[in-house]
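J.: Those protein sequence lines, which keep their order, are chains G and E.
At position 97 of the first sequence the residue is numbered 97 (the numbering used here), and the sequence of numbers has no breaks.
Every number in the numbering used here is 111 more than the matching position in the second sequence, counting from 1.
Be aware that one or more of the hints could be misleading.
Unchecked claim - Below are the EDC-like pairs computed for lysine to aspartate or glutamate, each with C-alpha atoms no more than 16 Å apart in a straight line:
#, chain 1, residue 1, chain 2, residue 2
1, E, 155, E, 196
2, E, 152, G, 5
3, E, 155, G, 68
4, E, 120, G, 39
5, E, 178, E, 164
Calculated directly from the structure, the hints in this document are not laboratory data.
Since we're looking at a predicted model, the values are computed, not measured.
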Amino acid sequence: GQSLEQPSEVTAVEGAIVQINCTYQTSGFYGLSWYQQHDGGAPTFLSYNALDGLEETGRFSSFLSRSDSYGYLLLQELQMKDSASYFCASREAGNNRKLIWGLGTSLAVNP
Amino acid sequence: DTAVSQTPKYLVTQMGNDKSIKCEQNLGHDTMYWYKQDSKKFLKIMFSYNNKELIINETVPNRFSPKSPDKAHLNLHINSLELGDSAVYFCASSQGTGDTEAFFGQGTRLTVV
Numbered sequence: 001g002q003s004l005e006q007p008s009e010v011t012a013v014e015g016a017i018v019q020i021n022c023t024y025q026t027s028g029f030y031g032l033s034w035y036q037q038h039d040g041g042a043p044t045f046l047s048y049n050a051l052d053g054l055e056e057t058g059r060f061s062s063f064l065s066r067s068d069s070y071g072y073l074l075l076q077e078l079q080m081k082d083s084a085s086y087f088c089a090s091r092e093a094g095n096n097r098k099l100i101w102g103l104g105t106s107l108a109v110n111p
Numbered sequence: 112d113t114a115v116s117q118t119p120k121y122l123v124t125q126m127g128n129d130k131s132i133k134c135e136q137n138l139g140h141d142t143m144y145w146y147k148q149d150s151k152k153f154l155k156i157m158f159s160y161n162n163k164e165l166i167i168n169e170t171v172p173n174r175f176s177p178k179s180p181d182k183a184h185l186n187l188h189i190n191s192l193e194l195g196d197s198a199v200y201f202c203a204s205s206q207g208t209g210d211t212e213a214f215f216g217q218g219t220r221l222t223v224v
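Just chain E, with the same shape it has in the complex (with noise of 0.2 Å):
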């Protein structure tokens, strides 16, 4: 069983469309988060939820929405693509917001064109 899945692995779009990325753990962790990786391999933190409330939200285009349903779930909704959100955007979840350990999301490279 996989851990952390997020879906789709592979998404290639136009500018100005909107997208959704699904992501869902079953470790029964409490905090979630939501990375961008660019092309340098910076790891950049958007979005923290913990127990479907949102504590972390970094300086990020308000086009991105997270979207919590309940704990297990965290998707991320981006409207207007533009070519600079291409990236490869990670799922995380630890089991609470100061743990040390992150268990992460295979990855979803967007590529806008």
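In isolation and in its complexed conformation, chain G is listed as follows (with noise of 0.2 Å):
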């Protein structure tokens, strides 16, 4: 079967970097991605990786690594609005290709 795994919960404190690790276990891989879920909101779309290496969208990096079943989200110059859950995500393999979700981390920006 299909696995991801990551962190249930990470801490840290304003203006500082956090890496949320996520490990897979898949049939077939289609890319990782990361979603970011505030308490009482919808998850929303950060960040996907197809390729090894190193993906930049501002403060937020994803970093993939095929050999060795493994990405990372990198938070940079955090700020308390970062205090939420992250989600790494994979697609199945096979016809339908769903998307199999990590059990999300939960992180907690403190002053």
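Two chains, two frames, some hints: make the complex.
T.: Now the structure itself:
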């Protein structure tokens, strides 16, 4: 089967850098996506990596290493508003290729 | 304009009732989904439609029945509600079945009492 593992909780302070890791086990691989969800809100798409390397979007970057079945989301210059849950997700192999989700990492940014 | 909108946002109902949640997307996407998110925030896909055709039907009780009258709408009807159905239900859409980016509605918080 397909599974993605990520830490359940991470705590950091404003202005710091935090890395949220995601390791995956998949029967086929179609890239790794990252979503952010604030309490009471909807998941919103952050980034997608299909190939190895770093993708940068402002303060957020996402990295993928297919040989290690591993990726991470890097958040820089943390702000209080970055406190949220972060999910990694990957498409399942097969015709339907549904998104398989990690259990989410709850990030708390403290002053 | 809201891209993916679902109604109602909150739904409190008694066990045994039947209820519906409606979802509409104005993004022109071909694929729509229903997800259930429990209190531990685990996101579980329930159904997916592509151009009104059911393509993903996960193991959910048959009390849950999706309906897609056209590719911009995907409604969820739930019969004989149970306490364990209490959760947040999200509608989402994507350009196609293999698309990496999904757009989510605001969620419907269902509480069964």
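J.: Which of the listed hints are not met by the structure?
T.: 3
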